[in-house]
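Q: The chain contents come next:
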Amino acid sequence: MAIRSRKSKSDYGSIYRGHEGQWSWILHRITGVAVILFLFAHVVDTAAVGWGPEAYDRITAAYDNPIVRVLELGLVVAVLYHSLNGLKITLIDFFPRLVTRIRGISIAFTAVFVLTLIPTAWIMLGQAWDLARR
Amino acid sequence: MVTAAEVLDSSDQERPTTDTIPLTVRVRRFNPEVSEDSWWDEWTVRCDPLERLVEVLHQIKWHHDGTLSFRRSCAHGICGSDAMLINGRNQLACKVLAQDVSPRVTIEPIRGLSVLKDLIVDMEPFMDGYRSILPYLISDSGEPEKERRQSPEDRHRYDDTTKCILCAACTTSCPVFWGDDGYVGPAAIVNAHRFIFDSRDEAGRERMKILSEKTGVFRCRTTFNCTDACPRGIEVTKAIQEVKRAILFERF
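Chains A and B, in that order, are what the protein sequence lines are.
With the working numbering applied, the first sequence corresponds to residues 4 to 137, in that order.
With the working numbering applied, the second sequence corresponds to residues 17 to 268, in that order.
These are computed hints drawn from the structure, not numbers from a lab.
Virtual Cβ for every residue (Gly too), placed ideally from N, Cα, C.
Be a bit skeptical, because a hint or two may be false.
Selected chain A positions facing chain B (in silico; Cβ < 8 Å) [stated by the list, open to error]:
(1) Gly-21
(2) Gln-25
(3) Pro-99
Just the calculated beta-carbon pair ranges, DEER-fashion [what the hints assert, rightly or not]:
(4) A:Leu-128 - B:Pro-65: 40 to 48 Å
(5) B:Ser-215 - A:Ala-111: 34 to 42 Å
(6) B:Ser-155 - A:Arg-100: 45 to 53 Å
Part of the chain B face toward chain A, derived, beta carbon under 8 Å [claimed, not checked]:
(7) Gly-104
(8) Asp-217
(9) Arg-235
(10) Thr-239
(11) Phe-240
(12) Asn-241
Start from the sequences and build out the full structure, keeping to the hints where you can.
A: This is how it looks when you write it as structure tokens:
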């Protein structure tokens, strides 16, 4: 009667179907790591000013590239998400009563995130497009 | 002398077969005496739509494969023995109906605790966390002549967290607990909350000291998986947040 299939240890089974808080937590971690990785590059390019303004200009010229501009939009997405979600977490940390309204709060924060992102993406992708055409 | 199994057997036969539904049960099995790896077994059984999953597991164990191992005791959602990862969510097998998971259900042991056999996990690390928060009334102001009186309002303050049955559904739904077994986990914090906010208890400060450590409440990342998983409907995350706040402001 039993259908038996043997699988290796690497089969972890199903993903835990958790609350949306689980996914916002995972995104918070991913965007956090993404932002800190950018920070390393940022420290390097800013340190270039130590060799004079020409060196700084030469290094930052690498950003005048449509692909980098699109990546920069990704950075804005990460920073925006991480900071807004951080505010959300702080809010419910200080006001435990809000915990019962977490779904509404999550929807509101997602709305603010998306609404802020639309004009930002419009402007940044426009600049990337201009660079690509040149 | 009729055994319990025979009584249940006969009730199986008496049941009309017309309104039964098919249910494929997929179980993640593990037996260290057979294999180091876990494997999946699948059975298709017919059951009453209103039958609970724990009864379906009984049917499999009693009629198809006696080696299938799982914990259960009261089978009515009170003892907290049969918490399992059912279709990707921690639930009590005795509170899930066959009709709600039909035609197919996947059952795995709860995560973050080591599996001993099939759906049985080692609950000791979970109980260690529970014991660490001193889950009993501490009062040094002497034995009262009669009972320790409490107003209805004071009793209401911690009512939600008295409902815990220590099934570990919350703690083993917590991503932080999966990654760090040093974390006391939601269940321990719920039980600490039950005494911290009890007006008769005098060791709140001591418990808050334990919970303000690295392994305590501030490991919580408010993913809300625990609140979702609790079969008793305890607002676990809210309780944790209240303990966090109490530690921050020492208002309790």
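Q: Now, for every hint given, state plainly whether the structure supports it.
A: So, going through the hints one by one against the coordinates:
no., hint, in the structure
1, Gly-21, "holds, 4 Å"
2, Gln-25, "holds, 4 Å"
3, Pro-99, "holds, 4 Å"
4, A:Leu-128 - B:Pro-65: 40 to 48 Å, "violated, 53 Å"
5, B:Ser-215 - A:Ala-111: 34 to 42 Å, "holds, 36 Å"
6, B:Ser-155 - A:Arg-100: 45 to 53 Å, "violated, 29 Å"
7, Gly-104, "holds, 4 Å"
8, Asp-217, "violated, 20 Å"
9, Arg-235, "violated, 12 Å"
10, Thr-239, "holds, 4 Å"
11, Phe-240, "holds, 4 Å"
12, Asn-241, "holds, 4 Å"
Of the hints listed earlier, those the structure fails to meet are numbers 4, 6, 8 and 9, in rising order.
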